[in-house]
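Colleague: The listed protein sequences correspond, in order, to chains A and B. In terms of this note's numbering, the first sequence is residues 1 to 718. In terms of this note's numbering, the second sequence is residues 1 to 157.
No lab work stands behind these hints: they were computed from the structure. Possibly wrong hints are sitting among the right ones.
[Unchecked claim] Some, not all, of what chain A presents toward chain B, calculated at C-beta under 8 angstroms: (1) Gly63; (2) Thr205; (3) Pro208; (4) Ile212; (5) Trp266; (6) Pro338; (7) Leu339; (8) Ala376; (9) Leu377; (10) Gly388; (11) Gly389; (12) Gln622; (13) Asn648.
[Claimed, not checked] Across the chosen pairs, the derived CB separations fall in these ranges: (14) Glu240/A / Gly67/B: 35 to 43 angstroms; (15) Glu240/A / Asp120/B: 54 to 62 angstroms; (16) Gln241/A / Asp14/B: 55 to 63 angstroms; (17) His144/B / Val141/A: 52 to 60 angstroms; (18) His144/B / Ser713/A: 25 to 33 angstroms; (19) Pro157/A / Arg79/B: 50 to 58 angstroms; (20) Arg196/A / Gly67/B: 36 to 44 angstroms; (21) Gly67/B / Asn150/A: 52 to 60 angstroms; (22) Asn150/A / His144/B: 29 to 37 angstroms; (23) Ala64/B / Arg465/A: 47 to 55 angstroms.
[Stated by the list, open to error] Partial pick of chain A residues on the chain B-facing surface, computed with a CB cut under 10 angstroms: (24) Arg197; (25) Asp263; (26) Trp265; (27) Ala337; (28) Phe391; (29) Arg421.
Idealized CB from N, CA, C, for every residue including glycine.
The chain contents come next:
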Amino acid sequence: MPSSFRPSRRDFLKVSTALGGGLALELALPALGAEAKGPELTAWIVIRPNDEVIIRVARSEMGQGSSTGLPMLVAEELECDWRKVKVEFVSSAENLRRNRVWGSMATGGSQSIRSSQEYLRKAGATAREMLIAAAAQRWKVDAADCDAENSTIIHRPSGRKVRFGQVAQAASRLELPQDVKLKDPKDWNLLGRSARRLDIKDKVTGKPLFGIDVQLPGMLHAAIAQCPVFRGKLKTVADEQLLGLRGLVRVVKLDDAVAVVADSWWRAQKMLKLLPVEWDPGANGGATTASIREFVRFGLEDSSAPVARNDGDVEAAFSQAAKVVEAEYFAPFLNHAPLEPMNCTALVKGDRVEVWAPTQNAEATHAAAAAAAGVALENVEVHLTYLGGGFGRRGFQDYTRQAVAIAKAVEGRPVKLLWSREEDMQHDFYRPMTMMRFKAALDAGGEVTALRVRDASHSIMASVRPQEIKDGIDRHALGGIIDLPYSIPSLRIEFAMRNSHVPVGFMRTVFHSQNPFMRECFIDELAVAAGRDPVEFRRPLLKDKPKDLGVLEAVVKASGWGTPLPAGIHRGVAVQDSHGSYAAAVFEVAVSSEGEIDIRRVVVAVDPGHVVNPDSAEAQVQSCVAYGLTSALWGEITLKDGRVEQKNFDDYRIMRIAEMPRRIEAVLVPSGGFWGGMGETPLAPLAPALCNAVFAATGTRIRALPLKSQGFSVASTA
Amino acid sequence: MIELTVNGRKHNVDVEPEMPLLWVLRDVLDVKGPKYGCGIAQCGACTVHLNGEPVRSCSVPVSAAAGQKVLTIEGLAQRGQLHPVQKAWIDNEVPQCGYCQSGQIMAAVALLTRNPSPSDKDIDAAMTNICRCGTYARIRTAIHAAAKSPKPAKAKA
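Looking at chain B on its own, in the form it has when it is part of the complex (with noise of 0.2 angstroms):
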């Protein structure tokens, strides 16, 4: 059994070590946010934090993860109230098909959270995850409009 804490629910997987956190998530535990598209943390629609750091959870196993926390999408919203970064969202019309947003917004979270006003250099730096229908500009207009939003009450995982 592996035990992980998702969203700030605690769980006890019993799964093969090498299981991609991605898959446990998705087909173990019904946390659907989380996307798959490549498999090889190439395309960034899988992102998840775990313990607070953007990562590619198709590429990490599920025993790396153990005794850890991990937030998704889901778990973003508090009391509530959709974090900053979401009605950034919102307020720019970001999402087209909407496939890879989950992941984009993670990877968005994590960045405003180390470094609250980006540059659009560290916002291209940061921002690696593919989204086919192009919603880059949007994108980079809702960081910035996010980063200029009031400070939310940090996510506890």
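This is chain A alone, in the form it adopts within the complex (with noise of 0.2 angstroms):
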């Protein structure tokens, strides 16, 4: 390391041996066994003698708030003192070693909370009763007697009390309960009600939380250039060129990749520039946009598509309509574009493999670095960091692989591996291009008897889970169209899958953030054709799905839908259920002659079953509105020479205050008896609604996104 390196390290920057002899860095953010010194109730559970609750957490915190809202669980059953908490990060080695007594730690599909909530509260609920038995055994009373209340253990009888930290110990000896109680909804405390997020004062005070800030002693930095063509290798490297610039360690060839390891990122990537490199493109070196679309919509005409779905008679239905309504719509790539690129940090010792990594899924980095490396699953330990973003895009492990074969190449030194956001924003794992065409047979009365579906799209499950396609079809990608909520007596959906060379991933709503803008639009295009108001038209369609009728209900209340509006404001409305949840919105738009699109009152009604953290839950709204409207007004990743020609968010734009809407209402109609999800579902009916209100103002359809591409911009303040 050069002399003017010299890293000053910082207090709460802790040094320390860890499990396996290598380095572990003690970020400010807690990780297993930073806290926990103290007798353990339940895995979940560790209270101290001055009564301080540590609560383990075993999912990512990405910015949505399950480090605060997967505790209030917990605690909600344990009657502790919130004030109390603590909250750490489990370990995946740890999970490994106790036999996965922490469940999955994988942070996607809106699942935290709803996946966890029922052995969380459980587990809350075991260690109060055994504290409660640790005090009645003190006292030599009837368990039966006591009670637990704000970290206190009361017997009614006597009107004793002891804190829970002074039976902790003792409670911790007993044998864990079965069949506890929970507690009726109607008796919570926390749940439902507004908690502080305990990650706050850390992200305001510029403490290095995320897996970027990693700071290791002796650490080196890498960049990656990745083979621009996906599926491409790497075929030459004049790595000779670089040899006597300041800072070079070495440069590391992989199968698709090269890498520059150096003394700072900055030189590293500077040297990555400099670098000549050749790339063998392989197949896909021809593709561009249009002919990947061409592609896709061939699946439109296939002949031998699939049928997912065929209900009644369609062809009948039709041969007897009054009207025949038919319309193709599309959605392109997307990029995640979380702010934190890509990174991994990296230490490979022998047959022993550190990695520190902002990831969604421990255990598939911890898996992922055991492979690459090629040793055991014991060998490898994970330190998890906060994640500056996810969004989907960190559960894929790709960035971990080559963190890990990075390291191996510097052995004993720890590397971090962060990539440019040129890097990040053409090395994605996109959201599928997807097409549509609809056709719909209505009656003379405008009811709708028939509804045709083909979708041709690209399929995430055929790569990541393909034992999950059964005849070619694949259920995850006609989200909200296989199950669509009207009822419709005829109805055929079919399905062909349209693999390109671009890969896909789960992006924030995944399909139900491009299908239902398809389907909600058609829907109004009915409602159109029908002579009906959007939602009139929608009511009998949903009368057997009562939580998205209730949706649409709220949000017609809540938007005053059908009250007169200023001359030139219009609205739009979309209901959509996904992640377990339900959501309808409702737009009031003005756009001007020139196509520039005002957006003056967004409305979101949602009902997750239960609201753990009407705070984080409104948080939630107003984040969906900016990501699915960056999406619905900008949002498009194109391709030419086989390669995504966007580079930064020069070329790929991002919300930015001046654009937000200014009214956005959260409204939440938590109708109880269900756990959904709350991240995701707020997002999906937000196009079509916005679309629909376009519709509404200037009678053009919408039926590709993005917005701009259709001759649309925003109105911007600034």
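Two chains, each in its own frame: build the complex with the hints.
Modeller: Below, the structure written as structure tokens:
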């Protein structure tokens, strides 16, 4: 390390010897074992003598607030003082050693709350019963006469009290009670009320929380260039050209990428740009957006496409139709663009691997690191950091495999791999390009008698979980279509899988971010054809789906649908269930003669069953508006010569404050009895509600996104 | 050697003059608050103050900061007291993932320094930083709240 590098170690950066003799870095965020000095009550809870409660979190924090919401579920049943709660993240290695006692660590599909709420609440209730039992034993009284409240056990008949911290040690030695009873939601004190997020202060003081902030003694930095054409290979690298340049450690050649390792990332990146590299583009070097679109479009014509659903008699209905409506819709590839580019820090030492990663799935990172290093799972340690955004991108492990491969080449020294924004933009698992053709029959009364849908789409499952594809049908890609909430007597849905060379992956709300655009805009077309109000038209069609109808009614009421608007302002509506929850949206827009859209008001009603933290739920609605509108207005990844054309935020536009709608109303209508997601569902109805409002304002039907490609812009107040 | 004053502390760094200030802060001085997001002055995650003015440190060569005062998010609190903008960010629960917030806060502090009670339009013009989580509504609320709070002692760079 050159003398100019004088890392000033900060107080909170404690370097300690970790499992396996590697170096562990304690970021400003809590890692397993950092806090947990004290008796464990279930695998989730540690209570210290001073009553401090450590609650463990197995899911990643990427902004969605689950590192506050998940502990709330535990604390509600534990009956502890919320102000005494601290959080620590579990480790994938420890999870492996303890037979996956913390369950899945995957963070995606809006699963964190809904798929772990039951075992987390049970853990809290179990610990509470153990504390009560320990207090009852101490007092030699009947546990049934004792209650837990605000980190205290109270013996009702005598009024005696003992603090959690005083009996935690004794409680931790008791058997885990079975069949604990969970509280009735009406008795909740914490859940359903806004609690302060636990991660805010560190995030406004610049603490090193993220993967990119990892700093280790002797750490090297790596910059990477990947073959610009997907599935292409690295051919030759004239690495001798870099000899003697300042900071160079070495050039590492991978199968489809080349990395420069140096003493600082900036120097590594600078040398990478100087490095003469020849790529073998493979078979796809000629692909363009137009050629891929044509390839996908063939799926609309393919007569051999399998039938995914066939109710009633579609052909008979069409032959008797008073009116037939047909339309074709298109959604482009999209880039996730989390603000923190992909990165991963790795240290390989003999047969041991340590990894520091902002990952949405620490267990997948663990497995990827083991495979990349060729070592057993037991020899790997993953340190989970906070994520500077995830949106689905960080469930994929390409950056982990690369970091470990590079670390292997500089064995014994930790190396932090950071992608440039350009690499991040051009090497994603993109939201799939999708096309759909709809054909509907209306009878003389304007009722829908038949609907035929042909979906031609890339499939994410084809590469991620191929076993889920049956008879050529990817039900995941048909989300919102195969399970549409509308009661239509005759329905035929066909699916044509069209996978180009472009890698595709889960992106916030996934297929429910483009399929509802198509479905709900087409339903709007049918309402127009039937001469009916879009809400009036949907109501009878939703007769068998009370929850979808419920959010539609909620948004109608909150938005004042049907009431007069000032001249020039127009409304659009859409409804969509996804990720276990229900959402409906109303937009109010004005559109200038030049096509400039002024979004005056956005109302989103959401029924997620139960709301854990209303303030966080509202934040997720706002977040979905910014993310969903960025996609609907501007989002489009295009290709030329087999490679992505967009490079950075100057040609892949992201919404800024001046374009963010001023009036966003989150209407939370939890109806109870189920647990749905909150981070993705509110996004689903946004693009169609906006496009339906644009139609109401202009008479122009938007059948392809983004709106930018259809001649529309958005009003900015800056 | 290039001399810099970062958060009131003098440093001499032996780096190429064209090395961006961001990377000197992050990789040489271990000041990790300013973040890398784009490298082309688009996103503003790297925003710091240079002699009191907000700059995108990814696009400022360190030579342009030589002998001058750099203030980062780490230097904003005075005598253990958070800056009113930081307090407003906490009160309004602004951050989600938090990655952009160091830059957002530095941009907001600069705005309030030259315009103590900005209108919505002023906020739109000055706050050009990208937040991918969409915390914009709360950023706006927090800036208005900070504008109403008692004025802080001037942060010394």
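Colleague: Please go over all the hints and tell whether each is borne out by the structure.
Modeller: Quick rundown of the hints versus the structure:
no., hint, verdict
1, Gly63, "holds, 3 angstroms"
2, Thr205, "holds, 7 angstroms"
3, Pro208, "holds, 4 angstroms"
4, Ile212, "holds, 7 angstroms"
5, Trp266, "holds, 4 angstroms"
6, Pro338, "holds, 6 angstroms"
7, Leu339, "holds, 5 angstroms"
8, Ala376, "violated, 33 angstroms"
9, Leu377, "violated, 29 angstroms"
10, Gly388, "holds, 3 angstroms"
11, Gly389, "holds, 5 angstroms"
12, Gln622, "holds, 5 angstroms"
13, Asn648, "holds, 5 angstroms"
14, Glu240/A / Gly67/B: 35 to 43 angstroms, "holds, 39 angstroms"
15, Glu240/A / Asp120/B: 54 to 62 angstroms, "holds, 57 angstroms"
16, Gln241/A / Asp14/B: 55 to 63 angstroms, "violated, 24 angstroms"
17, His144/B / Val141/A: 52 to 60 angstroms, "holds, 55 angstroms"
18, His144/B / Ser713/A: 25 to 33 angstroms, "holds, 28 angstroms"
19, Pro157/A / Arg79/B: 50 to 58 angstroms, "holds, 52 angstroms"
20, Arg196/A / Gly67/B: 36 to 44 angstroms, "holds, 42 angstroms"
21, Gly67/B / Asn150/A: 52 to 60 angstroms, "holds, 57 angstroms"
22, Asn150/A / His144/B: 29 to 37 angstroms, "holds, 36 angstroms"
23, Ala64/B / Arg465/A: 47 to 55 angstroms, "holds, 51 angstroms"
24, Arg197, "holds, 6 angstroms"
25, Asp263, "holds, 8 angstroms"
26, Trp265, "holds, 6 angstroms"
27, Ala337, "holds, 6 angstroms"
28, Phe391, "holds, 8 angstroms"
29, Arg421, "holds, 5 angstroms"
Hints 8, 9 and 16, counting from the list given before, are not met by this structure.
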